[in-house]
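Chains A and B are the protein sequences, given in the same order. Each residue of the first sequence is one higher than the one before, starting from 701 at the first, in the numbering used here. Each residue of the second sequence is one higher than the one before, starting from 701 at the first, in the numbering used here.
Hints were generated in silico from the structure; no laboratory data involved. It is possible that part of the hints are untrue.
Note that identical chains are pooled: a pair holds if it fits in a single copy or bridges any two copies.
Said to hold, decoys possible - Taking lysine-lysine and the BS3-like style, the derived pairs with C-alpha atoms no more than 27 Å apart in a straight line are:
no. : residue 1 : residue 2
1   : Lys768    : Lys842
2   : Lys810    : Lys712
3   : Lys757    : Lys743
4   : Lys810    : Lys842
5   : Lys709    : Lys810
6   : Lys762    : Lys835
7   : Lys842    : Lys743
8   : Lys703    : Lys743
9   : Lys726    : Lys707
10  : Lys768    : Lys726
11  : Lys762    : Lys707
12  : Lys726    : Lys762
13  : Lys762    : Lys703
2 protein chains.
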Amino acid sequence: MMKNLTKLKIEKPANEVFEVIVDPVKIGGFWFSSSSERWAEGKVITLRYDEYNAEGKIEIVKVEENRKIVFRDFDEHVVTITLEEQNTLSTIIEVIEEGFDENDPELIEKLIDNKEGWVYALTCLKAYLEFDVTKLRAALVK
Amino acid sequence: MMKNLTKLKIEKPANEVFEVIVDPVKIGGFWFSSSSERWAEGKVITLRYDEYNAEGKIEIVKVEENRKIVFRDFDEHVVTITLEEQNTLSTIIEVIEEGFDENDPELIEKLIDNKEGWVYALTCLKAYLEFDVTKLRAALVK
C-alpha cells in the first residue's frame, strides 16, 4: 500500500513533542493556526489555517499519552504519529500517512505534495520546540 | 519529464539568500557541512556531509549573481535554483530538480526522497537566514 513515512530527531523529551501537537494553541507555533480543542481519543477536531482562510475536520482515532496519535484526515487518510523517546533529551517523531489510492492518475503528485507537507511541518516543529521559532510555518509557495 | 519543484518564501533580500548557498562556510548553517570553495560558473565543487562522513562532487553549470544557480549533481540530475526578489524584504526561492528516469522501478521512492531533501534544506535555510538557527540540519532519520 502506498504511504509516506517521515522521521525527524527532536532534541526534546517526548512529552514536550506530544504537547505541542495536542494543545490547541501550541499547534499554531509550527503547523495549523489552531485547533478547536485539545486532541483526545474519539474527538472530532476542526483545524484552522488562517493564512489560507481554510479549515477542515479530523477524527482522533487513538491517543497514547506521549507515545502515539492516530487520526483520520480530510481525505480519509489515516495518519499515525509515533514518538520514540531515546533518552530524556531527544525523541524520534515518525509520521506515517496511509490511504493513497494506487489507481489515482495523480498518485505521484499527491504523494510528493503530502511528503512536502510533513517534512515542512516536522522541521517547523523542531524549530519551534528547540529554538522557540514560530515564524517558519505558512511560507511554502504552491 | 519527471521533476521536483519546491518553492519557499524567505523574508530576506535575494543577495543574502544567494550568499548562504555559494559561500563555502555559510552553507554549513543549513545544508551540507561545507563546500570546497565558493560556487562559481564552471567549477567542480566537493560537498562534505560530516555527520554521515560522506562527500560528493557537483558541477556548477551556470551562475547569475543573486538570481540563478544551475548545477549538475552526483546522479547527473540538473538542479536549477531561482531567486525571485519580491521587494527588498523577501525572496521566493524555487528549486527544480530534473533528470529522474521514468523507467526506474524506484522512481516514486526517489522522487519522494528527493522532495524530502529539498523541503528540509529550504526550511533550514529559512531558519538560518531569518532566525540565525544553525542546528536544524542533519536531523532527518532514514
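Hints and how they fare:
no., hint, verdict
1, Lys768 with Lys842, "between (30 Å within a copy, 20 Å between copies)"
2, Lys810 with Lys712, "neither (31 Å within a copy, 30 Å between copies)"
3, Lys757 with Lys743, "within (10 Å within a copy, 51 Å between copies)"
4, Lys810 with Lys842, "both (13 Å within a copy, 21 Å between copies)"
5, Lys709 with Lys810, "both (25 Å within a copy, 22 Å between copies)"
6, Lys762 with Lys835, "neither (30 Å within a copy, 33 Å between copies)"
7, Lys842 with Lys743, "neither (31 Å within a copy, 32 Å between copies)"
8, Lys703 with Lys743, "within (24 Å within a copy, 39 Å between copies)"
9, Lys726 with Lys707, "both (21 Å within a copy, 26 Å between copies)"
10, Lys768 with Lys726, "within (18 Å within a copy, 37 Å between copies)"
11, Lys762 with Lys707, "within (20 Å within a copy, 34 Å between copies)"
12, Lys726 with Lys762, "within (20 Å within a copy, 43 Å between copies)"
13, Lys762 with Lys703, "within (19 Å within a copy, 37 Å between copies)"
Hint compliance for this structure: hints 2, 6 and 7 are broken, all remaining hints hold.
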